[in-house]
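Asker: Here are the chains, one letter per residue:
Number of protein chains: 2
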Amino acid sequence: MSEESSMRKDSTSINDTMEEEVEERDPERNPLNEPLLKRNRTLSSNPLALVGAKVSYIESLDYEYLTGFLYFVGINFLLTFVAAILCVCFAPTAAGPGIPEIKAYLNGVDTPNMYGATTLFVKIIGSIGAVSAGLDLGKEGPLVHIGSCIASLLGQGGPDNYRIKWQWLRYFNNDRDRRDLITCGASSGVCAAFRAPVGGVLFALEEVATWWRSALLWRTFCSTAVVVVVLRATIELCHKGKCGLFGEGGLIMFDVSDVTVRYNVMDIIPVVIIGVLGGVLGSLYNYLLHKVLRVYNLINQKGKMYKLLLSLSVAVFTSVCQYGLPFLAKCTPCDPSFPDVCPTNGRSGNFKQFNCPDGHYNDLATLLLTTNDDAVRNIFSTNTPLEYQPSSILIFFALYCILGLITFGIAVPSGLFLPIILMGSGYGRLLGILMGPHTNIDQGLFAVLGAASLMAGSMRMTVSLCVIFLELTNNLLLLPITMIVLLIAKTVGDSFNPSIYEIILHLKGLPFMDANPEPWMRNLTVGELVDVKPAVVSFTGIEKVANIVNALRHTTHNGFPVMDGGVVPPTGVANEATELHGIILRAHLIQVLKKKWFLKEKRRTEEWEVREKFTWVELAEREGNIEDVAVTKEEMEMFVDLHPLTNTTPFTVLESMSVAKAMVLFRQVGLRHMLVVPKYQGSGEIKDYLYIFPEIQDAKDTRDKNRVSPVVGILTRQDLLPYNILAVFPHLEKSKRK
Amino acid sequence: MSEESSMRKDSTSINDTMEEEVEERDPERNPLNEPLLKRNRTLSSNPLALVGAKVSYIESLDYEYLTGFLYFVGINFLLTFVAAILCVCFAPTAAGPGIPEIKAYLNGVDTPNMYGATTLFVKIIGSIGAVSAGLDLGKEGPLVHIGSCIASLLGQGGPDNYRIKWQWLRYFNNDRDRRDLITCGASSGVCAAFRAPVGGVLFALEEVATWWRSALLWRTFCSTAVVVVVLRATIELCHKGKCGLFGEGGLIMFDVSDVTVRYNVMDIIPVVIIGVLGGVLGSLYNYLLHKVLRVYNLINQKGKMYKLLLSLSVAVFTSVCQYGLPFLAKCTPCDPSFPDVCPTNGRSGNFKQFNCPDGHYNDLATLLLTTNDDAVRNIFSTNTPLEYQPSSILIFFALYCILGLITFGIAVPSGLFLPIILMGSGYGRLLGILMGPHTNIDQGLFAVLGAASLMAGSMRMTVSLCVIFLELTNNLLLLPITMIVLLIAKTVGDSFNPSIYEIILHLKGLPFMDANPEPWMRNLTVGELVDVKPAVVSFTGIEKVANIVNALRHTTHNGFPVMDGGVVPPTGVANEATELHGIILRAHLIQVLKKKWFLKEKRRTEEWEVREKFTWVELAEREGNIEDVAVTKEEMEMFVDLHPLTNTTPFTVLESMSVAKAMVLFRQVGLRHMLVVPKYQGSGEIKDYLYIFPEIQDAKDTRDKNRVSPVVGILTRQDLLPYNILAVFPHLEKSKRK
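Order-wise, the sequence lines are chains A and B. For the first sequence, the working numbering gives the first residue as 1, with consecutive numbering after it. For the second sequence, the working numbering gives the first residue as 739, with consecutive numbering after it.
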């Protein structure tokens, strides 16, 4: 015991002498401090210093730290509990960032319950809870999702069950405008999160959107302009600290513009090192996160209780580490040249005193016992080469690597940006300290570059990250270096694995369609692809109700070709020709059945008959279930004229078309169904076999024996996905490996 | 005379007293001044002051000003002459900015001789000449064109006649990579012009490119990163004034970051006014420039001499105005609080002394007798509310409005950015002076916002302009206001006329394909469109040489459908079916004829026969003229197997498809030919009528009488252009007007 005491004496002799002075002078000097922390500090600053003290004194101190610890962990636990219970019980889709699902939606894949009012509510409350709980997650992803939810709800006139049925709202009730609104919402979310209007637009462009039009560019720009004006006005209103921490730093969150960036040719070396390391670490992070998420999936599948427990244990672990680790750090004496107050207590900002004596600060507490935003601001701080000890930064980096891996998959709204920025800034600053003597670049800028490199290494964005970092840090002279770092990190990362969002998309099993077809797709024709599918289910222009009901009940198809037999084409003499009239949607067929728009005899209807029965708005609806439709036996024998409800201009491809080109068409034009037409022109006829159910195999055989039909098959998104094709044509996998 | 003298005395009394003092002290004080200007200044600073002096003295002074004037005009005349003669005689495509042509190229329209070595050379020398001549034009457009030329030349391995035939270069020898390279070149050009790497990428995205892929985003980003690194390194090398004016202002050209942007809610009013005025003025500029360009087109068509004379007269007019107008401005006394030297002589910068006495400067000379870049820098200068008199700014604005209209169309390389920035900054600063008492916003920022609003009002870009202005001015806090101004100006402008580049594209008659189809296109099917065209010219799979030669000679088509008659489809019993094999390109047919790959009998060839005859590189070539091909009479009776050279996966549409959707497909996928296939399926057969020439009308009649052919027609870009369709279907024009 005496040995330990003397050892401690050597290492913390300054602390001890300071301590005694403090005890006397403190009450007057720090009237604003929080009672708990104040007492901690005045009684003793270093837990190790307690070893030699009296036992009763020790116990009282232990008690103080324990109370603080319990408050800290307890409140964080409660906040996490609120966030998690909401997500688990009311809106499972609100967990996670939501960006992959939005990305998939804009690609044409709708996740159910993604943009509802419940999801919005849970996301807002849950995100507040999770961020306040000090978990290692950001509010960026959730804000993007919140923006998209609001956009979607506004566009459709309110929540699903309480929609306002204003006439003009129908103009937005189509896929394209819904997509545009959600894109605008997403860019507004990024803008609100980072106060980066241009970065928001570019994020939506580079990462989220699949189809981009010039009109969409200025629409998103317009929405971020509104966001930034509202933000600016709110910051002005909150100028005098009326709104807590909101608006700190004005429009620029992590301002590093006070440092004049000086670099010469030799500084290219550290820049390249940051880029390469960022790429390697980023892809390593992607790899490990993938593994962790797979384990979490297994746990989460076991039930709601497991989900909740997982979230809560992560929260407790985070709090324990955040409270406990700062005790490992040595106290640093305040330098009078620091521009800020030092040390600080009971408020946000740099130089937390925590367990240190007056005139000293605990650099690790400065980084851990604060909001994530402030942590970034602290670690980005420039012109402060001696503020952080390398060991503290190392602990910080290691902790956030672990937290960044285990926090993302829990059932609370969570963003990926901030965890990666925290990790990256830690490694960047560490690198800055190591390289200090060999470079002109400030440590704070090293932290910025480290964050940028890790982001690029994990998310693989370039332009949008560059602009977001420019708008976050307000240092235009840093731009050339940032660009190089981003490009190197992205290139290095791409050589290992796909981007984190692609990994999550794949994990979630969303049928996302990539921009570029796989090379082996050129060796397969759509004809071959259609041949292995069940026979196409089609209708004649005037169809029996029974056939329609059968087809809808026995298949899950969303589109059916409509053909007319025995037609005389206007230009020919082939009076036995079959006409491909178009494609009819399941939703419209269900509308017909629900409204019982049946005909007693086989006849073509007039336009006014259709207009009388169906409104514009009804046909725009895409809902309805065949199980809800009741058709009597007599009605089954009646007919429906499908012509007026058929889309007569379907996109088609010849059966000889390669799958690669078909996929380009499918994605570029944004299709749901694509008809495959024969490359042969012969006499064809339609037979009743086309809707004999459930004997599909027979129908297929019959088809093969017959003449050329005007439709060979129908392709959907699922048919064109690489892994679905490879499941049927395994030999292509081999050619891929070659 | 005595009256004039006394009037002058009143207005310039300070000048006169200053003058006398100066005359004695001058030689020591200004040893660095240029001889000519120095003498002007020492003898007398204000020409009006000469009126009352002795006649011989007047003559000597007049002589000085005259010499100065003659030097100024003469040198500018010579420089313009060099630029114009090069453009007129060697590369007419080098005149103008080149951006519309690049935009058209990326849309699929190739302008001949646009990316050659001669054009590049003329563009570089011409642009240097034109900019040095003090003409009211920028180097941005030319730099974009230069970037694209270099990219194109690098991609194809050098100039057309001296191409390096390296093997790996063939990888770039396809349309898509050429487009990508040219896009990268264009963004590098903007980056080099404005030192705005992100702005360059966004300019390429928003204004230039038609098809945008995620890969292209980081490729352009990579190229601008290289540009900015090279720029940065060069600026560093030139740091000590070794390279003249290059590198002034470092990486930020028009830095206004020294002013702290303060604004409150009421400042929204001037911002909205700037935006609306910018939109109105921008569209007015577009309207007037359109008229001027049409007049210039008439003049330029008369011959090379007229072109040259037009350019030279504009140059002389510009020089005369620039030298003469400053005499109208009053001299302003230097304020000791000015941060720069005042007055200045014989170097670039603010506060030109020109004809003023010591301690005074001529504010109009400061703006006119300088480079365009410096003029912008001067007028953007912040915290200098009294530097410019309103009358001087008004003269400046009026002059540059006139010059901006008359300079653009002359036969020298010219950009539109800088003229519009000059005009806009003038009107912005004028507005700032008028609104001075009512707003917190600095006059320099008013100038910046005015320039941005006029740019948006004329060019209708938003995001890219916003980023370019951010990178030009380095003031992130200005961003929210800039965004509002840009959006308002664009919206106001759009309600009057299309953007300036669209107007130029239309004037040049380039078949540019818009992103969105016209609404009336939905009421027309491609079947109707094909019906009014001459009958489709098609070949059978194994075709007679004579038919091919005939078809190539009598039509200008670039693609021909290939069909096989009497085929037995694998799935049917229709042994008289006709197969649509695909489409063959004119270039490949000419290759066949040139290489005389003829068969004595009708037979299918083997794969090795084709490989032996044609290489990969040869088939990628798109050149060749049917007139260069000589075929003997015997050869005419031989056959060619077209199957191996046919593209078997053409994009097709049903004849019932609407033109609007066909156009979307055509543009989104980036096609050159689109086959129209019948919606009917009947027995079809191929007849020899398909290539009876020149009796096309007969062929059409025959076709109509026959059965369904697997191809109804073929559509190209020209067929889908709105004005071409309206020429044939004038009734659609009426429905458009409704």
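Keep in mind that the hints were calculated from the coordinates and are not lab data. Treat each hint with caution, since some may be false.
[To be verified] Some, not all, of what chain B presents toward chain A, calculated at C-beta under 10 Å:
| id | residue |
| --- | --- |
| 1 | 990 |
| 2 | 1202 |
| 3 | 1225 |
| 4 | 1280 |
| 5 | 1284 |
| 6 | 1408 |
[Unchecked claim] Covered stretches of chain B, going by a simulated chain A footprint (3 or more residues, C-beta under 8 Å):
| id | segment |
| --- | --- |
| 7 | 886-895 |
| 8 | 954-965 |
| 9 | 1204-1213 |
| 10 | 1317-1328 |
| 11 | 1457-1464 |
Glycine included, every Cβ here is placed at the ideal spot set by N, Cα and C.
Asker: All hints, please: hold or fail.
Answerer: Structure-based check of each hint:
1. 990: holds, 6 Å
2. 1202: It holds, given that the least Cβ distance between residue 1202(B) and chain A is near 9 Å, below 10 Å.
3. 1225: holds, 5 Å
4. 1280: violated, 17 Å
5. 1284: Not OK, violated: residue 1284(B) not within 10 Å of chain A, min 26 Å.
6. 1408: holds, 9 Å
7. 886-895: Violated: only 0 residues of the segment 886-895 of chain B have a Cβ under 8 Å from chain A.
8. 954-965: holds (count 6)
9. 1204-1213: holds (count 5)
10. 1317-1328: With 4 residues closer than 8 Å to chain A, the segment 1317-1328 of chain B meets the three-residue bar; holds.
11. 1457-1464: As far as the segment 1457-1464 of chain B goes, the hint is violated, because 0 residues have Cβ atoms under 8 Å from chain A.
Checked against the numbered hints listed earlier, the structure breaks hints 4, 5, 7, 11; every other hint is satisfied.
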